[in-house]
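J.: This note's numbering applies: residue 69 is where the sequence shown begins, and numbers increase by one.
Treat the hints with caution; some may be incorrect.
Unchecked claim - What follows is a list of derived Cβ distance ranges for each label pair:
| hint | residue 1 | residue 2 | range |
| --- | --- | --- | --- |
| 1 | M174 | K276 | 20 to 28 Å |
| 2 | K279 | R256 | 22 to 30 Å |
| 3 | G196 | D220 | 19 to 27 Å |
| 4 | Q275 | E137 | 39 to 47 Å |
| 5 | E305 | G135 | 22 to 30 Å |
| 6 | E274 | M174 | 38 to 46 Å |
| 7 | Q173 | Q83 | 37 to 45 Å |
Hints were generated in silico from the structure; no laboratory data involved.
Virtual Cβ for every residue (Gly too), placed ideally from N, Cα, C.
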Amino acid sequence: MIMKSEELGLPIFYQQYPEYFDTPSNIYYTNEKNAVIEKLLNTYGVRTVLDMACGTGAQVLYLAKLGYEISGSDFSPGLLEIAREKALEQGTNAQFINGDMRTLQMGKFDAVITIDNAIGHLVKGDFGLAIRNIHKNLKQDGIYIFDILNLDEMTDEVVKSDSERMTDRRVTSDGTIIDNTRYSTIDRNNGHLTSENNFTIQKGGEQKKVKNKCTLQIYTMDELRNILSKNGFQLIEQYKMNAYTFQKDDLGYSIMTVAQKV
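Start from the sequences and build out the full structure, keeping to the hints where you can.
T.: Now the structure itself:
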């Protein structure tokens, strides 16, 4: 997917600093999420998977180890390069393609996934294009699994709490420390959650400061149902994701959705 930075903006880890995308501190959460995704894929008898927002391959490599036939695509060459290096190190023959989720045609799969708020980087019109293209990449009755923040649950208190977490810290495997002071605001009418980020990157004895502003397009549950229905999908189930917990139907501020091609 090729994003339009003038419309929503992108996190600095996608294009400017892909080498800092992966950190040991988020491995536990990723593994928990991956386990839920695998359980869902197994439930629906899925064997072939296309990850259309694969990043550095967190889901692709996890599922490949479990025997799934899986390919990954992403818009970021830097993230894909890291994914390929990781696949080589792990002896995995997963395929990684530089592609746009709105237009990329990879064949017919049992399931397509887009994880970690990937669709939130698309404006609404482009999300519609992506949904229709995902439909084309699925076999009949195929499954689409994705997650996104829930606009219904993004109260003023939740947004304020996010902004009051003064510093979010990432520590990379080479010891680089990335501190981020974040301030978030929400435009409920348009479903825009905007974060202004002030990064301090410390590597060795050097320190660099970087500013970044990006916006996520988020949705109410009714909006998601309507978009899916209008574009050839039936909503099957949804899971609440808070911290490391996943609960069916009791919806929270982040939702994992399972839809089926009809």
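J.: Does each hint hold? Answer for all of them.
T.: Status of each hint after checking the structure:
1. Remark: the range hint 20 to 28 Å for M174 to K276 is contradicted by a beta-carbon distance near 38 Å.
2. A hinted range of 22 to 30 Å holds for the C-beta pair K279 and R256, which are about 25 Å apart.
3. Between G196 and D220 the C-beta distance comes to about 20 Å, which sits within the given range of 19 to 27 Å.
4. With their beta carbons about 45 Å apart, Q275 and E137 fall inside the hinted range of 39 to 47 Å.
5. Range check, E305 to G135: about 24 Å between beta-carbon atoms, so the 22 to 30 Å window is met.
6. Taken as a hint, the range 38 to 46 Å holds for the pair E274 and M174, whose Cβ atoms sit roughly 41 Å apart.
7. At about 24 Å, the beta-carbon gap between Q173 and Q83 misses the expected band of 37 to 45 Å.
In summary, the structure is inconsistent with hints 1 and 7 from the numbered list given earlier, while agreeing with the others.
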